[in-house]
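Chemist: Reminder that position 245 of the sequence shown reads as 245 in the UniProt record's numbering, one-by-one numbering, no gaps.
Worth double-checking, as some hints may not be accurate.
Said to hold, decoys possible - In silico SDA-like links for lysine to any residue, alpha-carbon gap of 25 Å or less: (1) K227 <-> F136; (2) K227 <-> K169; (3) K141 <-> L164; (4) K227 <-> M121; (5) K147 <-> C229; (6) K227 <-> L213; (7) K208 <-> R131; (8) K169 <-> G106; (9) K227 <-> I117; (10) K208 <-> G106; (11) K147 <-> F136; (12) K227 <-> G84; (13) K169 <-> G154; (14) K147 <-> K169; (15) K147 <-> R131; (16) K227 <-> G118; (17) K147 <-> G106; (18) K227 <-> P108; (19) K208 <-> A79; (20) K227 <-> D68; (21) K169 <-> T148.
What the hints assert, rightly or not - Ranges between beta-carbon positions, derived for each pair: (22) R16 <-> W206: 14 to 22 Å; (23) C149 <-> W67: 38 to 46 Å; (24) W206 <-> L156: 19 to 27 Å; (25) R42 <-> M1: 40 to 48 Å; (26) G191 <-> L22: 19 to 27 Å; (27) V94 <-> V135: 17 to 25 Å; (28) L9 <-> W67: 34 to 42 Å; (29) S72 <-> L161: 25 to 33 Å; (30) L164 <-> M1: 51 to 59 Å; (31) L113 <-> R16: 30 to 38 Å; (32) V135 <-> L104: 43 to 51 Å; (33) W67 <-> F136: 52 to 60 Å; (34) F136 <-> I97: 53 to 61 Å; (35) L26 <-> L113: 51 to 59 Å.
Hints are computed from structural coordinates only; laboratory data are not their basis. Bear in mind the structure is a predicted one, so any value in this text is a computation, not a measurement. Don't be surprised by glycine CBs; every beta carbon is placed ideally from N, CA and C.
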Amino acid sequence: MGAAVLQALERPAEVRAAQRLLQERLELLANHTCLQGPALQRLVEAIIQAYKSGITLQGNTTNLGRWDYSGSFFFSISAITTIGYGNLSLSTAVGRIFCIVFALFGIPLNLVLLNEIGQLMLLGVQHCAHRLEEVFPWQNKASLLMKTCALVTGLLLFLLLPPLLFSDKEGWSYEEGFYYSFITLSTIGFGDYVIGMNPDRTYPRWYKNIISLWILFGMAWLALVIKFCINLLETSSDFCQCNKKSTEMAEDLMDGNKNSMIGLHNVDICNDKDTKTKGPGESHT
Numbered sequence: 001m002g003a004a005v006l007q008a009l010e011r012p013a014e015v016r017a018a019q020r021l022l023q024e025r026l027e028l029l030a031n032h033t034c035l036q037g038p039a040l041q042r043l044v045e046a047i048i049q050a051y052k053s054g055i056t057l058q059g060n061t062t063n064l065g066r067w068d069y070s071g072s073f074f075f076s077i078s079a080i081t082t083i084g085y086g087n088l089s090l091s092t093a094v095g096r097i098f099c100i101v102f103a104l105f106g107i108p109l110n111l112v113l114l115n116e117i118g119q120l121m122l123l124g125v126q127h128c129a130h131r132l133e134e135v136f137p138w139q140n141k142a143s144l145l146m147k148t149c150a151l152v153t154g155l156l157l158f159l160l161l162p163p164l165l166f167s168d169k170e171g172w173s174y175e176e177g178f179y180y181s182f183i184t185l186s187t188i189g190f191g192d193y194v195i196g197m198n199p200d201r202t203y204p205r206w207y208k209n210i211i212s213l214w215i216l217f218g219m220a221w222l223a224l225v226i227k228f229c230i231n232l233l234e235t236s237s238d239f240c241q242c243n244k245k246s247t248e249m250a251e252d253l254m255d256g257n258k259n260s261m262i263g264l265h266n267v268d269i270c271n272d273k274d275t276k277t278k279g280p281g282e283s284h285t
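From just these sequences and the hints, can you work out the full model?
Modeler: Encoded structure:
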């Protein structure tokens with residue numbers, strides 16, 4: 001279904017872009033009769049290959065800077081976080097071999113780092129919830145309130161406010177900046193939007209380093225949100241499964257089925273499971 005929707009949305013735009021490209025090529029050859037088709041094709045292919053390598057033309061000069069230290073640091077972050085934008089790639093055999101070794105050790109270490117960052121965030125939320133329970137007589141509402149505050153704060157810091165920075169530094173619209181934020185933090189990394197790649201703009205030295213830290217903390221926060229959603233789905237699934245077993249037991253009792261004891265046993269298991277998940281001060285209904 002997702003593929004069908006994407007085809008319906010994107011296929012017409014692709015056809016229009018292809019027709020426009022062919023029209024521009026024909027107009028260029030018609031206006032410049034000394035220019036031959038094969039020569040133009042070779043130039044286009046060379047420009048595309050140079051752009052993939054991070055080199056762009058600026059008049060009679062070329063723009064270099066994607067492999068300075070800040071650019072290399074950003075590439076390293078995109079590699080060990082498995083984002084892999086694809087807009088920048090290694091061109092030397094030694095560099096590719098090093099990237100393999102670097103990723104083999106870097107990806108597991110980065111997962112450990114993200115887990116530690118996520119645990120620190122979670123401990124901070126729990127600590128604030130406990131402090132609220134001590135100060136105000138909310139008890140049951142304190143944990144829910146802190147989780148809501150953590151979710152809203154994370155949305156602001158990692159998804160809603162960064163597009164404003166991207167609009168200022170990259171010239172993107174807010175929608176494009178929000179799209180880039182989610183595609184990056186979810187490690188999808190299409191590569192259609194990447195920061196610091198516009199040759200017509202001048203970027204401060206701290207820009208890519210700050211974005212790299214934003215990626216690390218944002219991925220840890222988004223991982224916690226996804227884990228929370230998974231726990232909700234698993235909890236609802238267990239609840240539905242126990243209700244299904246209870247219904248089957250009732251039907252067996254009404255039919256006088258000999259296997260009704262199996263249904264009773266299954267319900268006892270569900271009840272035991274629910275009781276174990278609750279604290280010593282809670283009762284099972």
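Chemist: Under the criterion that the straight-line Cα-Cα distance not exceed 25 Å, is the pair K169, G106 satisfied?
Modeler: 29 Å, violated
Chemist: Under the criterion that the straight-line Cα-Cα distance not exceed 25 Å, is the pair K147, K169 satisfied?
Modeler: 32 Å, violated
Chemist: Taking the CB of R16 and the CB of W206, does the distance hold inside 14 to 22 Å?
Modeler: 40 Å, violated
Chemist: 51 to 59 Å was suggested as the range; check whether the CB atoms of L164 and M1 agree with it.
Modeler: 34 Å, violated
Chemist: With a cut-off of 25 Å on the C-alpha distance, tell me whether K141 and L164 pass.
Modeler: 33 Å, violated
Chemist: Given the hinted pair K147 and G106, is their alpha-carbon gap at most 25 Å?
Modeler: At roughly 31 Å apart (the allowed maximum being 25 Å), G106 and K147 break the hint.
Chemist: Taking the Cβ atom of W206 and the Cβ atom of L156, is their distance within the range 19 to 27 Å?
Modeler: 21 Å, holds
Chemist: Against the range 40 to 48 Å, how does the distance between the Cβ atoms of R42 and M1 compare: consistent or not?
Modeler: The hinted range 40 to 48 Å holds for R42 and M1, with Cβ atoms some 43 Å apart.
Chemist: Given the hinted pair K227 and D68, is their Cα-Cα distance within 25 Å?
Modeler: 37 Å, violated
Chemist: What's the verdict on K208 and A79, does the C-alpha distance respect the 25 Å limit or exceed it?
Modeler: Given that 25 Å is the threshold and the Cα spacing comes to 15 Å, the pair holds.
Chemist: Regarding S72 and L161, is the given constraint of 25 to 33 Å on their beta-carbon distance met?
Modeler: Because 27 Å falls inside the window, the suggested range holds.
Chemist: Mind checking the alpha carbons of K227 and M121 for me, to see if they're no more than 25 Å apart?
Modeler: This hinted pair holds, its Cα atoms lying about 13 Å apart.
Of the numbered hints stated above, those contradicted by the structure are hints 1, 2, 3, 7, 8, 14, 17, 20, 21, 22, 27, 30 and 31, listed in ascending order.
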